[in-house]
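Chains as they are written, first to last, in our numbering: chain A, 19 to 363; chain B, 19 to 363; chain C, 19 to 363; chain D, 19 to 363.
Accuracy of the hints is not assured; some may be wrong.
Using C-beta positions, here's what the derived DEER-type ranges look like [unchecked claim]:
{"no.": "1", "chain 1": "B", "residue 1": "LEU334", "chain 2": "C", "residue 2": "ASP129", "range": "29 to 37 Å"}
{"no.": "2", "chain 1": "C", "residue 1": "SER133", "chain 2": "B", "residue 2": "GLU332", "range": "39 to 47 Å"}
{"no.": "3", "chain 1": "B", "residue 1": "ASP298", "chain 2": "C", "residue 2": "HIS110", "range": "31 to 39 Å"}
{"no.": "4", "chain 1": "D", "residue 1": "THR146", "chain 2": "A", "residue 2": "LYS58", "range": "33 to 41 Å"}
{"no.": "5", "chain 1": "C", "residue 1": "LYS62", "chain 2": "D", "residue 2": "GLN38", "range": "29 to 37 Å"}
{"no.": "6", "chain 1": "B", "residue 1": "LYS58", "chain 2": "D", "residue 2": "HIS144", "range": "19 to 27 Å"}
20 Å max Cα-Cα, derived PhoX-like pairs, lysine-lysine [what the hints assert, rightly or not]:
{"no.": "7", "chain 1": "B", "residue 1": "LYS45", "chain 2": "A", "residue 2": "LYS20"}
{"no.": "8", "chain 1": "C", "residue 1": "LYS45", "chain 2": "D", "residue 2": "LYS25"}
{"no.": "9", "chain 1": "B", "residue 1": "LYS336", "chain 2": "B", "residue 2": "LYS362"}
{"no.": "10", "chain 1": "B", "residue 1": "LYS25", "chain 2": "A", "residue 2": "LYS45"}
{"no.": "11", "chain 1": "C", "residue 1": "LYS94", "chain 2": "A", "residue 2": "LYS152"}
{"no.": "12", "chain 1": "A", "residue 1": "LYS21", "chain 2": "B", "residue 2": "LYS45"}
{"no.": "13", "chain 1": "C", "residue 1": "LYS236", "chain 2": "A", "residue 2": "LYS152"}
{"no.": "14", "chain 1": "B", "residue 1": "LYS152", "chain 2": "D", "residue 2": "LYS94"}
{"no.": "15", "chain 1": "B", "residue 1": "LYS128", "chain 2": "B", "residue 2": "LYS296"}
{"no.": "16", "chain 1": "A", "residue 1": "LYS236", "chain 2": "C", "residue 2": "LYS152"}
{"no.": "17", "chain 1": "C", "residue 1": "LYS329", "chain 2": "B", "residue 2": "LYS139"}
{"no.": "18", "chain 1": "A", "residue 1": "LYS139", "chain 2": "D", "residue 2": "LYS94"}
{"no.": "19", "chain 1": "B", "residue 1": "LYS21", "chain 2": "A", "residue 2": "LYS45"}
{"no.": "20", "chain 1": "D", "residue 1": "LYS236", "chain 2": "B", "residue 2": "LYS152"}
Hints are computed from structural coordinates only; laboratory data are not their basis. We put the CB at the ideal spot given by N, CA and C, even for glycine.
4 protein chains.
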Amino acid sequence: MKKISFKDDYSTGAHPRILQAIHRANKGIEESYGNDSYSKKAEKKIKKIFACENSSVHFVSSGTQANLLVISSALKPYESVIAAHTGHIHLHETGAIEATGHKINTIETKDGKLSPALIQKILDAHHTPPHMVKPKMVYISNATELGTVYTLSELENLSLFCRQNHLYLYLDGARLGNALTTNNDIKASDICKLTDAFYIGGTKNGGMFGEAIVIKNKQINENFEYLMKQKGALIAKSRYLGAQFEEFFHTNLYFELAKRANTQAKKLLDKLKPLNVKFDTINQTNQIFPILPSSVVRQLTKDFDFHIWEKINEDLLKIRLVTSWNTTDEEIDILIDKIDNYLKS
Amino acid sequence: MKKISFKDDYSTGAHPRILQAIHRANKGIEESYGNDSYSKKAEKKIKKIFACENSSVHFVSSGTQANLLVISSALKPYESVIAAHTGHIHLHETGAIEATGHKINTIETKDGKLSPALIQKILDAHHTPPHMVKPKMVYISNATELGTVYTLSELENLSLFCRQNHLYLYLDGARLGNALTTNNDIKASDICKLTDAFYIGGTKNGGMFGEAIVIKNKQINENFEYLMKQKGALIAKSRYLGAQFEEFFHTNLYFELAKRANTQAKKLLDKLKPLNVKFDTINQTNQIFPILPSSVVRQLTKDFDFHIWEKINEDLLKIRLVTSWNTTDEEIDILIDKIDNYLKS
Amino acid sequence: MKKISFKDDYSTGAHPRILQAIHRANKGIEESYGNDSYSKKAEKKIKKIFACENSSVHFVSSGTQANLLVISSALKPYESVIAAHTGHIHLHETGAIEATGHKINTIETKDGKLSPALIQKILDAHHTPPHMVKPKMVYISNATELGTVYTLSELENLSLFCRQNHLYLYLDGARLGNALTTNNDIKASDICKLTDAFYIGGTKNGGMFGEAIVIKNKQINENFEYLMKQKGALIAKSRYLGAQFEEFFHTNLYFELAKRANTQAKKLLDKLKPLNVKFDTINQTNQIFPILPSSVVRQLTKDFDFHIWEKINEDLLKIRLVTSWNTTDEEIDILIDKIDNYLKS
Amino acid sequence: MKKISFKDDYSTGAHPRILQAIHRANKGIEESYGNDSYSKKAEKKIKKIFACENSSVHFVSSGTQANLLVISSALKPYESVIAAHTGHIHLHETGAIEATGHKINTIETKDGKLSPALIQKILDAHHTPPHMVKPKMVYISNATELGTVYTLSELENLSLFCRQNHLYLYLDGARLGNALTTNNDIKASDICKLTDAFYIGGTKNGGMFGEAIVIKNKQINENFEYLMKQKGALIAKSRYLGAQFEEFFHTNLYFELAKRANTQAKKLLDKLKPLNVKFDTINQTNQIFPILPSSVVRQLTKDFDFHIWEKINEDLLKIRLVTSWNTTDEEIDILIDKIDNYLKS
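Starting from the given sequences, assemble the full structure and let the hints guide the process.
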């Protein structure tokens, strides 16, 4: 029997409506390389929902591509980007940013989130020009890689701090839907208002493939298509990227799918707590990180797919459980049942 | 009324069977980042058809990505790649190869094809180490960007020459289907036998998106997935790439679609010749380059989409007409009719 | 017996006065990394002589370094530099420019010189954004690698053309002294007035090591020291670079040495012509390119060091003879004598 | 009156014998770009003293150049280098390594030294190929940037660990002389035996400019001159680099100068301790880091040049005092006197 997967939010397929949109987009002749009518319609909807009429929207096929494009477009050769130690660009993109020539200044954090005070430390340390890189951009993820989210006031503070210090603020939104649909005070329009650029993740939220880069800052956007082409990110039949995002934002689909994933994670969380399972971070989105006895984790691996995140000590392991738009209540119940049994035995 | 397009082979959609394959692949949980079952099945079929059991196959989403990955994986920082002046990597990839740090040594050719004699000139000119780059790879396209193809003996000669001179031979197969289904003596198995690496174009032959890189040379393939991830080319839901190529090669679909495009170009050619239209290259695939009076070209732009390729003189223009898997006989007839009329008037 | 060298202008040592300047600069504590008093005095003198008060001056230790720094400082990732096919950056810097990520658009020329008409062809060919690089800089050498020089009106035309087309104009002055002291109408002040940046070669004109980069364009100069440090071009004990250039321009030494080299080349030329030796370019500086029978060249290699430049045909070779600040009349006479003898025998 | 400098070991000039060597090397015609007779003689002496007959020696003009050349020659695009957080390549080279495309994996250390246990942590964390870089080299400095040194057994352990884990070991010897002449059990021959590559710093030890790269590992050395040329590190008149190192190692000059600097630092240390000045690292070479009241530091800045290294708390500052080959006993006494006075007042 196949294992039940709580491994990630991209091992599952695309939502049926996304597939239907792809179908519809398949007909007839369309302009290529981002100039198709579907991409234009998707751009329009995104601009409206995120209240970013003066921004530009570009569709690419992976998050790593989005990150390396925006960051290398923004920075001069000697400029660097500041990121949390847990940031995707630092840990899990095989040196993609450094491969474009730029250093990442990393900051240790408990919850994956940056703050003005933490960033100030990096700035303070860079006091001997021209012998050190020049920090010029702040990279944050929302939701973060640890499942946490920024509150509106946290993001406002970061935004203000960045402007005051002539730093670009860039938000990796691989799981932006999850951040915007959890119990939080942040809205879609805040994202565009408070950052210079961000991307809206499609792949991890029920899309087939594709991320939508939104760039408000004109300097970062200058000749961006040239860079996309150079890095192999410009897709000939771009209609299939546009069609997915048009469908996402034509109705409320994008937010519904994200909310559904969040809801399932919340259920999981609510059922784990009575079992006395410990957590050391507060997760409000579709990733939770329970701490379990190693023996329990070992037994779980027989029936479930998930990541072991960290060894806490000889007896305890922290694991990562990820829910997605199509995680069922039944799957959650089977998991809870097993954990309950293993904890008792 | 919409114009009829002879502009390229990627402004049209995907073949219905490709879409059906995407649909089937959408179900259930699959491994990600190239480890899905569809990619594995597609790899198996490609290895069989191209007789390259000991090669590795990697799926990416654009031809520029394929080129920059293979070339930067093969070359050390001071090594260069030799290409025809018309080569896609030189002309139409916005400096993608140089952006990975490598020089392209270009050669002027009439027909877009390289030969040992032409390459020898480049080698001869690089005689003052370490003050010049070290040519280490030869890049060819088949079919070429000018619609021409290599004969088997031409490719054999190139292959032998490259081995003798310690040069890798890499073949850009954006239109490999077209090269393999025209009236020529070259077979799929020859491609793998005679090169170190090549890619099989999906996008321009009725696919949605996707190119299959095949690497025979172990040195070029070493840790190739790391490089893919670093350059943003590793797609999370890789099943959709795999599924397309499984469908292409499960039956004969890939070659049928390419042959169909070639056939339509041949029809066009055969109908243009009686009108006394001139050509200065021999095109055997789905791209033809008729030379027409400027006035005729001007009139054609009202009803047809196509590229003006080159200004021959004040009165004559060379245009590019491209057919694809779904170019109809009717579209060809309408074009021929118009040209005939304009030439007579 | 040691061969007499006409091989180049850097196999000989530094002028005694340069050595004395190094000696004087050795005393005491000095600021490092370009902030020493010698560099500041040298900068001042250069600004005066080249009439470039609003420019910035940076000292580096090789011409390749100067070129890669200026060009990579000026260009965005997708921008390219236009150069003659004979340009040092294209032929003899082992892909230094491409290693910073930039394409060189090359132009075939007979005499190593660019003109608006030649550059216009490159611009015309780059008509399909964003699929092609964006030419943004023109690189010229003066004197060129073929010993030719730009007249004032040629440089004025280039300068105007570049401004009109939003192209930076950068002049490689590895042999700038030679260009400014030959029989020509161009002055030191014209160089700064008509370009965005240039460098003044020290190594090939009697220096120990060192080139002075002069940047007029503020955009190219922005944070230039950061880039210097990053590329390993910022020397700790910069006083030794500054001291050489202070000495060069404190009196007229720089121009005297260059003129001396030119004069010796002219003598050589004047004595070769009566022997009926052929030339296919007009050389006004310290490099001349006589065409001689292969048998004569073979015999000359016994007693002289020089480069064989090009095979004209089975019987004729073009060689390169370079004079320097300390080439003696006697050395010239010995060479002429030998050539005369070999031609007669 | 000029301040007395304890700021660094490169604000002072070159040793007179180095200047004399430069003088002698100035005569006559010499091969260029590393092929001169002085470089060859220097290479020979270095190989003998460091017992590295099968290594290759290359002379460059800055330590940043040495580091970026060796590291980028050793690593494939997706490979990384491990370094202490205090490592020069991480902190003070303006992203030079990242600019060649490579990530630095940093490790926090108290004393600037790496150990197998610390490196193992980095290896353990890199467990999800191909989503993370592949650590392939370990970079250490000896003496470190904090003035500490490796003992023989520490270096042996590191060397063994690296070999077992297929990691290259590279030693930055900007202050190698200081490390080899302090009270320690490590010898010149150990350096070559235990590393894959290292460089011998000239600039900070009484040279004019220049570092000698020694590469034992053939893979790292392959076509190294090409890379040097490409990065602008190949000096035309290389005789001046060779001559300095020939002089350094012809007699015992290199080690005498380093020992002298160490001795002066030791004197300083010995005179500070009776004044109850605190230290939080043990420094055995020419850099010491006393912790002093802020008020004392403020007063010292009137008469002395030095770096403020770190703010310990509101009242205390850690400063860096560097001695060099020509720091006099008198200068030390003046400094000690002043500190004594300021502490008492």
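Hints versus structure:
The hint said 29 to 37 Å for the Cβ distance between LEU334 of chain B and ASP129 of chain C, and at roughly 32 Å that hint holds. At roughly 23 Å, the beta carbons of SER133 of chain C and GLU332 of chain B sit outside the given window of 39 to 47 Å. In this structure, ASP298 of chain B and HIS110 of chain C meet the distance hint of 31 to 39 Å, their C-beta atoms being roughly 36 Å apart. Evaluation of the 33 to 41 Å hint for THR146 of chain D and LYS58 of chain A yields a pass: the beta carbon distance comes to about 38 Å.
Checked against the given bound of 29 to 37 Å, the beta carbons of LYS62 of chain C and GLN38 of chain D, roughly 30 Å apart, stay inside it. Against the hinted window of 19 to 27 Å, the Cβ-Cβ separation of LYS58 of chain B and HIS144 of chain D comes to about 26 Å, which satisfies the hint. Straight-line distance between C-alpha atoms of LYS45 of chain B and LYS20 of chain A comes to about 14 Å, which keeps the hinted pair within the 20 Å bound. For a cut-off of 20 Å, the pair hint linking LYS45 of chain C to LYS25 of chain D stands: about 17 Å separates their Cα positions.
This hinted pair checks out: LYS336 of chain B and LYS362 of chain B have alpha carbons roughly 19 Å apart, not beyond 20 Å. Pair hint LYS25 of chain B plus LYS45 of chain A holds up; C-alpha atoms about 17 Å apart against a cutoff of 20 Å. Only pairs whose Cα atoms come within 20 Å are accepted, and LYS94 of chain C paired with LYS152 of chain A is accepted, the gap being roughly 17 Å. A hinted pair counts as satisfied when its Cα atoms are at most 20 Å apart, and LYS21 of chain A with LYS45 of chain B qualifies at roughly 15 Å.
Proximity of LYS236 of chain C to LYS152 of chain A is assessed by CA-CA distance (about 18 Å); at most 20 Å being required, the pair is judged to hold. Taking the CA atoms of LYS152 of chain B and LYS94 of chain D, the gap is about 17 Å. The hint holds against a cut of 20 Å. Taking the CA atoms of LYS128 of chain B and LYS296 of chain B, the gap is near 16 Å; set against the 20 Å cutoff, the hint holds. For a cut-off of 20 Å, the pair hint linking LYS236 of chain A to LYS152 of chain C stands: about 18 Å separates their Cα positions.
This hinted pair checks out: LYS329 of chain C and LYS139 of chain B have alpha carbons roughly 13 Å apart, not beyond 20 Å. Under the criterion of a C-alpha separation no larger than 20 Å, the hint pairing LYS139 of chain A with LYS94 of chain D is inconsistent with the structure, at around 33 Å. Between the alpha carbons of LYS21 of chain B and LYS45 of chain A the distance comes to roughly 15 Å, so the proposed pair stays at or under 20 Å and holds. The suggested pairing of LYS236 of chain D with LYS152 of chain B holds, with an alpha-carbon distance near 18 Å, which does not exceed 20 Å.
The earlier numbered hints that this structure contradicts are 2, 18.
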